[in-house]
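Chain D: place on chain R using the hints.
Given next are the chains, with one letter for each unit.
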Amino acid sequence: MQPFAYSRPGTLAEAVALLEERGPGARVLAGGTDLLIRLRDGSLDPEVVVDVKRVPELAPGIRADDGRLVIGATTTMTEIAAHPVIRHEFAALADAAAYVGSVQIRNRATLAGNLCNASPAADTAPALLVHGAVVVAAGPEGTRRIPLDAFFVRSGVTTLARGELVTAVDLPLPSTRLASAHERRTRRRGHDLAAVTMAVGVDARGAARLAFGSVGPRPVVRVDDTATLGDRSATDADVDAILDRLLGDAAPSRTSMRASPGYRLAMLRVLARRARATALGRLADG
Amino acid sequence: MAERVAIELVLNGARRRVEVEPHHTLLDALRDDLALTGAKSCCLVGECGACTVMVDGRAVDSCLVLAAEVAGADVRTVEGLAPAGGGLSTLQAKFLEHGAVQCGYCIPGQLMAAQALLETTPQPSDPEIEEGLAGNLCRCACYEQIFDAVRETAATAVVEPRAPAAAAR
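These protein sequence lines are chains R and D, in that order.
In terms of our numbering, the first sequence has 73 at position 73, counting the first letter as 1, and numbering is strictly consecutive.
In terms of our numbering, the second sequence has 14 at position 14, counting the first letter as 1, and numbering is strictly consecutive.
Just chain R, with the same shape it has in the complex (with noise of 0.2 Å):
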């Protein structure tokens, strides 16, 4: 690797500022799955690592607090797969959380950090829009709240400025539960990056929502304010109809080694089904 400084700030204000100064010749760390990959591989190079890790407004934790589950910049994978009210309330991020890499990755692999890197192929990136996640972020300015549909652009940008760092994710809990599912289509089965993604939400008055990644240059979300894909007695043609246009204009690169842009169109359509029905089985089981 090629030499760079070290900072472990112990208050937001410092690392708020030192990331301000820097700018790009700095890099946030926090699990470091795959800040240090590019940094070892060169393709990224910076004057100075900021470990975030330390920072207590950012510490890793999961609460509830005003109607909202305020999840910390740098709570582990590991930690969100587990918890009892993300697998009730939030099931498709649970499972995209449990399905991230192996053992050791979800140990260390951070949920801002997943967001931060703006891969199109983001685990928990569907599930989250799903459920109206919305990113906590200070900066210079101060606090902002942004909605995460708000917050990715492409593959390695966000919405984030300079000098601005996520300290959580926050999840409106619903008053009527929406009961989702997260799918994933690898190379193999394990530990790979995702081909697709696709997350899928229905409530009980059959408002739905599906968000899918991997397919273009970030995650997007949809809305079937049709109510079929939350109605069980819907047909499989009226399902197929209303996918065809909420998956319409996704676009799956044609130079990505991990899968043909027409593999990746014809699993969109196979996860959406099958997210859907685990999604319409966990609202029957309450």
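It should be emphasised that the hints constitute simulated quantities derived from the structure, not laboratory data.
Do not take every clue at face value.
Unchecked claim - Only part of the chain R face toward chain D is listed, based on derived beta-carbon distances under 7 Å:
id, residue
1, 1
2, 3
3, 4
4, 5
5, 32
6, 33
7, 37
8, 104
9, 105
10, 108
11, 256
12, 260
13, 263
14, 267
15, 270
Even glycine gets a Cβ: it sits at the ideal position worked out from N, Cα and C.
What follows is chain D alone, placed relative to chain R:
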């Protein structure tokens, strides 16, 4: 050149103080600064698990952790598995009994992943063993023998988390 970082950690139960390069990983520090060569350097991208060690009771890929990050942590490597009085731990002995070791390169990582699994899930189901070891590749393909060794350790021994030594934080 960036300044070296002084860290204190508990390593296999003993308090250690070491100065590390900021761009060196925990794997580099273990092998080059602390003379513990059990954890192996292999893929260096978190795919193979040959560098697996435990940090604060959890299995991690030491190639993806900076040495400076473990300041104050409790780190355990394969060198810390055997009982202090000599011999092998039950898990290590079962690996040998079942012929789970051919070339041996992946074994320190397999052992630490299995140790972490058994400490958190003392009676793992077969899918739990598969998932617990999914981050560890074996090019000799001793997977069945490794699974047998883990299964039998779970059935015959109580693998308890070692109480972490007084934190060095």
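Status of the hints after comparison with the structure:
Because the beta carbon of residue 1 (chain R) sits about 4 Å from the nearest beta carbon in chain D, less than 7 Å, this interface hint is met. With a cut of 7 Å, the hint placing residue 3 (chain R) at the interface with chain D holds, because the nearest CB-to-CB distance is about 5 Å. Satisfaction of the interface hint for residue 4 (chain R) is found here, the shortest Cβ-Cβ separation to chain D being roughly 5 Å, below the 7 Å cut-off. Given the 7 Å rule on beta carbons, the hint for residue 5 (chain R) holds: about 4 Å separates it from the nearest Cβ of chain D.
The beta carbon of residue 32 (chain R) is positioned within 7 Å of a beta carbon in chain D (closest approach about 6 Å), and the interface hint is therefore held. For residue 33 (chain R), the shortest C-beta to C-beta distance to chain D is roughly 5 Å, which falls under 7 Å, so the interface hint holds. Annotation: residue 37 (chain R) was flagged as interfacial toward chain D, and the flag holds, the nearest CB pair being 5 Å apart, inside 7 Å. Using the Cβ-Cβ criterion of 7 Å, the hint placing residue 104 (chain R) at the interface with chain D is satisfied: the shortest such distance is roughly 5 Å.
For the restraint placing residue 105 (chain R) at the interface with chain D, the shortest Cβ-Cβ distance is roughly 6 Å, inside the 7 Å limit, so the hint holds. Given the 7 Å rule on beta carbons, the hint for residue 108 (chain R) holds: about 6 Å separates it from the nearest Cβ of chain D. Interface restraint check: residue 256 (chain R) against chain D, minimum CB-CB distance 18 Å, threshold 7 Å, status violated. For residue 260 (chain R), the shortest C-beta to C-beta distance to chain D is roughly 23 Å, which exceeds 7 Å, and the interface hint is violated.
Interface hint status for residue 263 (chain R): violated, as the beta-carbon distance to the closest one in chain D is roughly 23 Å, over 7 Å. Hint status for residue 267 (chain R): violated, given a least beta-carbon distance of 22 Å to chain D, over 7 Å. Look at residue 270 (chain R): its Cβ only gets to about 23 Å from chain D, farther than 7 Å, so that hint breaks.
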